[in-house]
Each structure stands twice: as structure tokens, then as C-alpha cells.
Amino acid sequence: MFEIFGIPSQALFGQLLIGLINGSFYAVLSLGLAVIFGMLNIINFAHGAQYMMGAFCAFFLLQYVGLNYWAALVVAPIVVGLTGIVIERAFLQWLYRLDHLYGLLLTFGLALIIEGVFRNYFGASGLPYAVPESLQGGINLGFMFLPVYRAWVVGFSLVICLATWFMIERTRLGAYLRAATENPVIVRSFGINVPRMITLTYGFGVGLAALAGVMAAPIYNVSPQMGADLIIVVFAVVVIGGMGSIMGAIVTGFGLGIIEGLTKVFFPEASNTVIFVIMAIVLLIRPAGLFGRGA
Amino acid sequence: MASVNLGSVERKKVAATDASRSYAVPVAFVIMLALLLIAPFVTYPLIVMQALCFALFACAFNLLIGYVGLLSFGHALYFGWASYVCAHLAKVGTIKLPYWVGSWQWLTIPLPPLPPELAILGGTAVAALFGLIAGSLAIRRQGIYFAMITLALAQMMYFFALQAPFTGGEDGIQAVPRGRLFGLFELSNINVLYAMVLGIFLIGFLLIYRIIHSPFGEVLKAIRENEARAVSLGYKTDRYKLVAFVLSAALAGLAGSTKAIVFQLASLTDVNWHMSGEVVLMTLVGGLGTIFGPVAGAFIIIAMQNYLSALDQWVTVIQGVIFVTCVLLFRRGIVGELAALLRIRL
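Residue numbers (the numbering used here), protein chains in the order written: chain A, 1 to 295; chain B, 1001 to 1346.
Among the clues, some could well be false.
[Said to hold, decoys possible] Anything over 12 Å on all C-beta distances counts as not near chain B; from chain A, calculated:
#1 S9
#2 L20
#3 A46
#4 I168
#5 T181
[To be verified] Going by beta-carbon spacing under 8 Å, a handful of chain B positions derived as facing chain A:
#6 Q1155
#7 I1203
#8 L1207
#9 R1210
#10 I1211
#11 G1277
#12 T1316
#13 V1321
#14 F1323
[Stated by the list, open to error] Just the calculated beta-carbon pair ranges, DEER-fashion:
#15 A:L284 x B:A1125: 21 to 29 Å
#16 A:M247 x B:A1175: 51 to 59 Å
#17 B:I1133 x A:Y96: 43 to 51 Å
Think of the hints as simulated: they come from the structure by calculation, not from any bench. From the three backbone atoms N, C-alpha and C, an ideal C-beta is built for every residue, glycine too.
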């Protein structure tokens, strides 16, 4: 046990870890938003609600089906992703020719519906979700106590982010995706089913949000409110990073999580607002965002 | 927009529309005024006053979305903060800056509790100032980013409101005195209060109408239709957007300040992002870019909240359903559809 800048190392690294965890969620969620925006030109306001659905899905699977955390990690994103596909087919596909803002308004309405329904059936208080047995306990690193589950969340999020980056930037499917983002008409003329690709992209983005929700379930309680405030912070993250670059979204997400964690140690009053302040500063200095490509 | 390629037959129709337009708005205005004068005798005056405050708020929001094409998803910031400032000035008066520190203040302006008209002006001025700051940040990005930036800034100010000592945290500022308007009119009399609220609403409404139909308003509409073209014609569009943003924020602040006096309360509800969503909903239901739409939308949503309060936990779900329905089926809103049906512009 030692001190850094008068702060016990335990507290400093503990908050850093929490920052990294929040950063993982920011990264995965802003990644999903960026992927969806790239293909659909829609800002998915329901992203926070879908993150919450992922956590609830994990809770239901454990409670009623008896599927454990590891199964939920696979099943919940698929189930929630399927609801995303239904939403895309039923609602979003009618909006592509319209102004961006209608997509935002529609998904905002969907978020209100989803969160309202969950709140009516499960109340505003949280439901507990236990950490899986194999990830319980922690390791004493000497300068801090590292809970295994939290280390797992950070590591696994990083893997998910890098895998998504690899898929989009380095595979043939990703090349089709990027081409369709640039010019859907020409990609269609090559015989690629772009509408289906758009549908699946939305499902994938929603699935990413649900995956973050499953990972969050053992850390925060499972509650209908869990996504509502988070999504606004993620919007700020997206404004800071810009949605043009996948790697940008990942770096910005983790970076801002760490900064937020440090703020909790040194200036706790500002920990809620630091990301928004950074957003304002970035807008002043680099209006296009750190990794943005204009607009 | 559509008038460019019209044939000669349709051009006659447009001429007829222009002629009817000249009296459609005054007629609609007289009908609205008559309804507003009858309303307090038909239902609870407080509900009508609440609806009037929100109607002004929605009109202010519509000035941005409907006529400049800017979707601000954080208008609760101006509405809510103005109501805090107005409530504080009317109840306490003394200003201590910086407000966010409890003990260390470098500037204290000792003031007695202010009369309602000055408190409302103070709230409006602070909203305009916040509009200037937030607007000059947000107009640096376009389209969807604009909405996200305004939402994020509003959320930041929500947290400030939660932590600042003078706002009273979760309690809000309660028991705000209504006082005497201009030292003459006792606002505890509900009829006098109603007259004041109606007067403020009409001033705001007519001001917005005037702005929209001024040369300045024509430039705003040009920016909405084609910003690049407006820039190429030599207009400094950023300045126009910023002025429109400040005007909209100030009018939203006027609405929020009035609400604080009417309900004698300023609370976190008014700065929360739900409130930003609600004003979007009101404007969308009534009709984006119509003059009377936001007023109709505000009355519908407030009536719904009051008469469906038995279903209170379902109200957000119903609001969500209305959002989805409006975006998919009635993008012109109620007034917009009505105007299209009657071939007039409202």
C-alpha cells in the first residue's frame, strides 16, 4: 500500500478499474452506434434500451430457463438482435429516404416504449444478477485488489471491439459493408443484397448493445433505467470521437472511461459531467471530433 | 420548394392558395384566442396555464426545428434553468457566484426578492445566455451531431442543477411567491394570473410569427432548405443559426420562468431530458414548421397527461407509441395535415 498524489493506491487503481469498465461499455456501445449509423444513417436512440434488454434477457435466462452466464453471453445478443431485425423491418426501413432526424425521433419513441414497459412490470428498482462462479473472487496484485469478473469484462470487451474492427476493416464481408456505406446503388448492381445487409447490420449493432448489457448485469443491478442515462454519455463519446472511424470509437470509449475514473478520485463533484465538458472543449478545438472526417 | 416546377393549371391553384392564406392565419388566430378566453371557464385554469407555458415552449422549439431545420434535443436546459433562476429571484433574490460552490463566493449581489416581472426577465436572460454558449458550441457540427451535442450539454446542466446548492437538489425550489405584477396586480387571484400567462404567451407567439415572416426568417428558411446555397449567396449562416438558437432558448426560458411563477415551483423534472423529449413530441404531434401546430400539440399532450393520469405508469409508453405513429404516418402533424386538407398554410 502506497500513495500517489496523496491518494491511496488502492482507491486510485480501484477507480481506474471502474473507469476502464465504464470505458468498455462506452466503447462497445459507441461501436454499435457507429456501425448502425454507417449503414442506416440513423442514430439509434434505442441503443440504451437495447443494452437494458440484454441485461434483462440474461436475467430471464437464468431465472426461468436455467441458462447460466456463459450461455446468456451468446443467447441474449442473438435474441435482442432478432428484436432489432424486427424493428428494422417493421419501422426503420420506411425512413431511409427521409431526413436523419426522423430516425432519431422514431428510435427515441421506441426507447420510451421499451423502457416504459419494463418499468411497469419490474419497477424502478434493480434486480440482482450474481457473478458466475468461475469468475468470482479476486487477485491481490500488491498495489490493489483485482476482482476477476471486472478484469474479464475489460478483457472481453477489448476482444469484442478488436474482432468487430477486424471484421469491418479486414474481411470481405466488411469490405462489402464499407462499400455499401459509401454507395449502396453501385454495390447493389454487383448483385449484393444491400437491404438484407442493412437489416443484419442493425441486428448486429443491437446485438453488441445487448452483449454489453449482459456483461453489465453482474456489475450494476438489472434495472429498466440502466440504459437511459448511459446512452446520453455514449452520444457525447460519439461526438468526441466522431463516427467515421471504428478504431476511433474504441480508443475514445476506453480513454474517456479512464478519464472519468480519474476524475472520481481527484475531483468527485465533476465525475458526472467531465465527459460533457471534454465534449465542449473538443468542439472548440477540433469541431469535427478527434477521429472525425468532417460534418 | 414544390412551386418550382408547377404547370400553369397548378399555378392558378397556388394563386388561390396565396389569397386564402392571407386570411387563414388571422382567422385561425382569432379562433385560438377565443378558445383560450373560454378555456379557463370550461376546465381548470391551472391546467390551461400549464398548457400555455408548454405551448410557448413548443413554439420556441419549433422556431429551430421547423424554420431552421435544427433539431435541439436539449431544450429542457433553457426551460428548466430559467424556471430555477426565476424561482430563486422571486423567492430569495440575492445572487451568489459562482453558484456551484457552497462556501467560496467571489461575487455576491445582495438583492431583495424580486417582483414577478423582473424574476421572469431574469430567467429569460439567463436562458438566452445559456443559449448563446450552448448554441455556439452546437452549430459547429451539423445534422444528427447537432441533436446529440444539445442533448449532452443539457444533460451536463442537469447534473449541475442536481448538485448546485441554490436549486435545492431533489426538493427543488418550493413555495415561490407569486407576488404583485408591476406592483399593481395581485397574482394570487387566479383570473389575474391567467391574464398574465395568456399575455406572455401571446407576446411570445406573435414575436415568433413576426420573426418567421421577417427577412431574417426568410434567410432561416433558406438555410433549412439548402444551407450550402445560402452560404454561396453570401449569408453567414452560422450567425443566423446562432441568433435563431438564442431567440429560441430565450423564449423557452420565458415559458419556463412563467411556469415557475404559476406553479410556485422549480424542480428537476423541468431540466431532465424527458422534458426535452416531451417538447419534441408536442411539436411533432401538432406539426413541425406550422405556426399553430406546437400550440395544438402542447394542449393535446397536456390534456392527455391530465386526463389519463389514472394510467400514469403507462403515459411514457403511450408517448412512445405516439412518437412512432407520428413519424411513420403523420409526419406533418395534426395542424399540418389539416392545412394540407384545406389547402392553406397555418
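Hints versus structure:
At the 12 Å boundary, the C-beta of S9 (chain A) stays outside the reach of chain B, the nearest C-beta of that chain being 28 Å off. Against chain B, the non-interface label of L20 (chain A) holds: every CB pair exceeds 12 Å, the least being about 22 Å. Interface exclusion of A46 (chain A) from chain B breaks down, the closest Cβ pair being 10 Å apart, not more than 12 Å. The claim that I168 (chain A) lies off the interface holds: its Cβ sits roughly 20 Å from the closest Cβ of chain B, which is beyond the 12 Å cut-off.
With a least beta-carbon separation of about 15 Å from chain B, T181 (chain A) lies farther than 12 Å from that chain, consistent with its non-interface assignment. This hint holds: Q1155 (chain B) has a C-beta 5 Å from the nearest C-beta of chain A, less than the 8 Å allowed. The interface hint given for I1203 (chain B) is broken, as the beta carbon of that residue sits about 29 Å from the closest beta carbon of chain A, more than 8 Å. Using the Cβ-Cβ criterion of 8 Å, the hint placing L1207 (chain B) at the interface with chain A is not satisfied: the shortest such distance is roughly 25 Å.
Against a cut-off of 8 Å between C-beta atoms, the interface hint on R1210 (chain B) is violated, since the closest Cβ of chain A lies about 26 Å away. About 21 Å separates the beta-carbon of I1211 (chain B) from the nearest beta-carbon of chain A, more than 8 Å, and the hint is not met. Satisfaction of the interface hint for G1277 (chain B) is found here, the shortest Cβ-Cβ separation to chain A being roughly 6 Å, below the 8 Å cut-off. For T1316 (chain B), the shortest C-beta to C-beta distance to chain A is roughly 4 Å, which falls under 8 Å, so the interface hint holds.
Interface restraint check for V1321 (chain B): the shortest CB-CB distance to chain A comes to about 6 Å, inside 8 Å, so the restraint holds. This hint holds: F1323 (chain B) has a C-beta 3 Å from the nearest C-beta of chain A, less than the 8 Å allowed. Between L284 (chain A) and A1125 (chain B) the beta carbon distance is about 24 Å. The supplied range of 21 to 29 Å therefore holds. A beta carbon spacing of about 54 Å between M247 (chain A) and A1175 (chain B) agrees with the range 51 to 59 Å that was offered as a hint.
At roughly 35 Å, the beta-carbon separation of I1133 (chain B) and Y96 (chain A) lies outside the given 43 to 51 Å, and the hint is violated.
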